[in-house]
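In order, the protein sequence lines correspond to chains P and L.
The first sequence begins at 1 in the working numbering and counts up by one.
The second sequence begins at 1 in the working numbering and counts up by one.
Bear in mind the hints are in silico, worked out from the structure with no lab data behind them.
It should be emphasised that the depicted structure is a prediction, and the values quoted were computed from it without experimental measurement.
Be careful, since some hints might not be right.
Straight-line Cα separation of at most 30 angstroms, DSBU-like style, residue types lysine-lysine; simulated pairs [what the hints assert, rightly or not]:
hint	chain 1	residue 1	chain 2	residue 2
1	P	Lys-56	P	Lys-42
2	L	Lys-62	P	Lys-42
3	L	Lys-44	P	Lys-71
4	P	Lys-42	L	Lys-44
5	L	Lys-71	P	Lys-42
Partial chain P-side listing against chain L, Cβ under 8 angstroms, derived [what the hints assert, rightly or not]:
hint	residue
6	Lys-101
7	Phe-104
8	Ser-106
Ideal placement from N, C-alpha and C gives every residue a C-beta, glycine not left out.
Next come the chains, spelled out residue by residue.
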Amino acid sequence: GESVGLHLPTLSVQEGDNSIINCAYSNSASDYFIWYKQESGKGPQFIIDIRSNMDKRQGQRVTVLLNKTVKHLSLQIAATQPGDSAVYFCAENKGLDSSYKLIFGSGTRLLVRP
Amino acid sequence: EAGVAQSPRYKIIEKRQSVAFWCNPISGHATLYWYQQILGQGPKLLIQFQNNGVVDDSQLPKDRFSAERLKGVDSTLKIQPAKLEDSAVYLCATAGPGQRMGGETQYFGPGTRLLVL
Chain P
1 GESVGLHLPT LSVQEGDNSI INCAYSNSAS DYFIWYKQES GKGPQFIIDI RSNMDKRQGQ
61 RVTVLLNKTV KHLSLQIAAT QPGDSAVYFC AENKGLDSSY KLIFGSGTRL LVRP
Chain L
1 EAGVAQSPRY KIIEKRQSVA FWCNPISGHA TLYWYQQILG QGPKLLIQFQ NNGVVDDSQL
61 PKDRFSAERL KGVDSTLKIQ PAKLEDSAVY LCATAGPGQR MGGETQYFGP GTRLLVL
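Hey, can you work out the whole structure from these sequences and the hints?
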């Protein structure tokens, strides 16, 4: 069936290092992908998005890479900070016409060691 | 800009009881979603509204769950009767058009944490 999944459930990094969170998707027809950050007790917060006609998109300290050949998505966080500790979800946005629907993966927990 | 508001933040009920959750979207957002997030999992879509009409409720357990969005603004999600497996966080998200890359970015509320005993 269709799914969006993550390779690693937990990632522990040293403060100041770069973090890479990976995600695999199975629906090659999806054309829009989003990374969300969810802190404890809060709803998911938008980080960055990318359309399928792009390979890379950069934001502030974050970069999303899309490899359509192997259906793989990654989120890179530069100079990881304690405030980056959270669960990160990739989501696949698909829908007919304007009925955008998000299919979420199970998430990766990022732990930042001081 | 005010975010998506949800209430209550926490609710504890016994199985077979009823419960209702409320969501107030960001002003002007026509699309509203309800998600269920079980501990350790990603959010799962229950129902999607466009204004006051249902776009997709294929994942909503209609024998016990119902939702409405009268007047196309606030929305309520109800569970009657609740089961133990309904324990989860219920997230409301809303979206406005054309904000990012041609898609509708969804903005989430803080969620309602439901525990069914």
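A quick look at each hint next to the structure:
1. At roughly 28 angstroms between alpha-carbon atoms, Lys-56 (chain P) and Lys-42 (chain P) fall within 30 angstroms of each other, so this suggested pair holds.
2. Taken as a hint, the Lys-62 (chain L) and Lys-42 (chain P) pair is honoured in the structure, with Cα atoms around 27 angstroms apart against an allowance of 30 angstroms.
3. Restraint check for Lys-44 (chain L) and Lys-71 (chain P): the C-alpha separation of about 21 angstroms stays at or below 30 angstroms, so the hint holds.
4. Between Lys-42 (chain P) and Lys-44 (chain L) the CA atoms are separated by roughly 16 angstroms; this keeps the pair inside 30 angstroms, and the hint holds.
5. Straight-line distance between C-alpha atoms of Lys-71 (chain L) and Lys-42 (chain P) comes to about 27 angstroms, which keeps the hinted pair within the 30 angstroms bound.
6. Interface restraint check: Lys-101 (chain P) against chain L, minimum CB-CB distance 6 angstroms, threshold 8 angstroms, status holds.
7. The interface hint given for Phe-104 (chain P) holds, since its Cβ lies 3 angstroms from the closest Cβ of chain L, which is under the 8 angstroms cut-off.
8. Below 8 angstroms, beta-carbon pairs count as interface contacts, and Ser-106 (chain P) has one with chain L at about 5 angstroms; its hint therefore holds.
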